[in-house]
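A.B. asks: Let the hints inform the model, and build the full structure from the sequences given.
Protein sequence lines, in the order shown, are assigned to chains C and X. Quick note on this note's numbering: the first sequence kicks off at 1 and runs consecutively. Quick note on this note's numbering: the second sequence kicks off at 1001 and runs consecutively.
No lab work stands behind these hints, which were simulated from the structure alone. Every residue gets a Cβ at the ideal spot worked out from N, C-alpha and C, and that includes glycine.
Some chain X residues close to chain C (C-beta under 8 Å, calculated; not the full set):
#, residue
1, Asn-1187
2, Asn-1203
3, Glu-1208
4, Arg-1213
Each pair of labels, with its calculated beta carbon distance range:
#, chain 1, residue 1, chain 2, residue 2, range
5, X, Thr-1091, C, Gly-12, 57 to 65 Å
6, C, Arg-121, X, Arg-1326, 41 to 49 Å
7, X, Pro-1158, C, Arg-121, 39 to 47 Å
8, X, Ala-1303, C, Pro-35, 53 to 61 Å
9, C, Gln-238, X, Arg-1326, 55 to 63 Å
10, C, Asp-144, X, Gly-1163, 46 to 54 Å
11, C, Gly-6, X, Ala-1129, 44 to 52 Å
12, X, Ala-1095, C, Arg-121, 29 to 37 Å
13, C, Pro-35, X, Thr-1021, 52 to 60 Å
14, C, Ser-28, X, Val-1307, 53 to 61 Å
15, X, Ala-1095, C, Gly-12, 53 to 61 Å
16, X, Thr-1180, C, Gly-75, 29 to 37 Å
17, X, Gly-1163, C, Gly-75, 55 to 63 Å
Cβ-to-Cβ under 7 Å is the rule here; a few derived chain X residues that face chain C:
#, residue
18, Leu-1184
19, Leu-1188
20, Ala-1206
21, Val-1209
22, Met-1210
23, Gly-1211
24, Val-1212
25, Leu-1220
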Amino acid sequence: MLAVDGITVRFGGITALDGVAFTVEPGSAVGLIGPNGAGKTTLFNCLTRRCTPDGGEVRFEDEDLLALPPHAVAGRGIARTFQNLGLFPRLTVRENVMVGAHSRGRTGHLAAALRLPRVRREERELRDQADHLLRRLGLAEVADHPASGLPFGTLKRVELARALAARPRLLLLDEPVNGLSHGEVGQFADLVRSVRQDFDLTLVVVEHHMGFVMGLCDKVVCLDFGRKIAEGSPEHIQRDPAVVEAYLGVAA
Amino acid sequence: MSTITAALGTDRARRRRAALTALLAAAVAGCVPFYFAPFQVFQLTMVLLYAVALAGLNLLVGFGGQISLGHGAFFAAGAYAAAVMLDRYDTGHLATLPVAAAGCFLLGLAFGVPALRLRGLYLALVTLAFAVFLPPLLKRLEPVTGGAMGLTVDKLQPPAWSGLAEDQWTYFVVLGVTATALLLARNLLRSRVGRALRALRDNESAAEVMGVRLSLHKTLAFAWSAMFAGVAGCLYTWVIGFVSPDSFSSVLSITLLAGLVIGGLASLYGPLLGAAFVMYVPSVSQDLSEAAPGVVFGLLIIAVMFVAPTGLAGLPGRVLGAVASRLPRTTAAPATAAPDRTPEAGPAPSTPSTPADPAVADTEPVGAPPRTERE
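C.D. replies: The structure is reproduced here in structure tokens:
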């Protein structure tokens, strides 16, 4: 479904990604792990076209992703969440989710200003779909609340709802459970598992919480200083000496 | 399920209340010119006309998160477009409106493209330069614009069948245009387009990931905004019947922005309040102090911003919030209406999807406002 081949990103003298290559099969969940600064988020930014690699290729369902303008990526069925939340604080929770569905809407400026019947219809549909998602993720109570000022755990779910509103086939989660309490991590993992099933999603997850990654993913890719040092099943990765050396460490 | 029906109920109630308010406003607006002296009707007409310009500026600044210190120039362009058409080509008044609107839309579009690359203070500076440079240009183009002397054109004349006085007729025409303009702005904002605009104001990169095309929406926001200012300028020519470069100095641009901030940024009826402020307060301060009306005006602006930092439109909400926080906790319901929530009111709606352990979520600190992702 997704094939990353030899992508290289340099920021000045720093090589953030150095010839990283891996593939994501349809329906699978791939975990990206590695120490801070290994290039995980940079890789995500390449996939959503926020960052253009200096070399290499990214193909999504046989389409060259790097040839697309950034705003067109969502329309191809790729959605993501952000490491430190990328919500719209002054929009309500429902509006945040409706913005998530932006790529599926058609209303242009003129039609919107005149509020043509098809605009009303589309608005009503998007709103119903957003409400459906909010109920599904247990957010119906806060639908009219502005995104700012809600508890962090709730906001994480809002962000997930917003990403799902785009009806993605590939969902990129950037540290979905960082900052969550122990109990919330378990709940969030269950939630991700159930939406993955219901929405038939392919996942790529960046996360430091090893329990979360190993429990969710079918395949794990480990990066260190911009290079892929290991790739394989969770069990395999946990025993891989290079991964243990660079990232996991050994119990004292 | 019960929550859904309840939500529907409040939705319907809200719609009914909105319709009632609109009807009431229409009735009041319709009666006004028959109860006030011509000069007062003229002042109200000016308030309506400024409200159009402010509504346009609100699209750009309040909802789009850009800034313009040059909207006086778009206003002037609209006013001159109308005046030149009336003066040289002797077209009817109504014909000047679409021309002024379309012309300023294109002008705004042309300005919106460089604005894509500029932000904050830099954009403010460039737009201010536009406002500074337009009046001398108008003076130079004497054959067309009448130079420093300006142009005197016919005001709107009431048709015989209406039986209205000139000021009343003008008022109704301007009221009609203003109502249409405000409705268009409201429609725009309550749609996918308006959401996209507000989303990119709050978090540009996240909006782009959602599929919002930044360049398109930002440029069009500029164009719409310039169009509204141009329409307001056109109305100005209809009402005043005289344009000169000195009527549109850069002070006008700053007054417009000040009026918008005072009225309430990103509020649907803030532009009306802001327009009333910039229209009436200078004359009130003239009454208060013959010697230094500017000082009084400035002090009043400071006073308003101190009492209502979210603008006049945000004042009722703030007052309600203050009252609610004074009342005993049993009446906690209005807390959602308060713009600045107390920490106690915050975590209440947090219900995890699985009812396993709600206490865990409640112990979470009230989240700081979401940050944009940093690279």
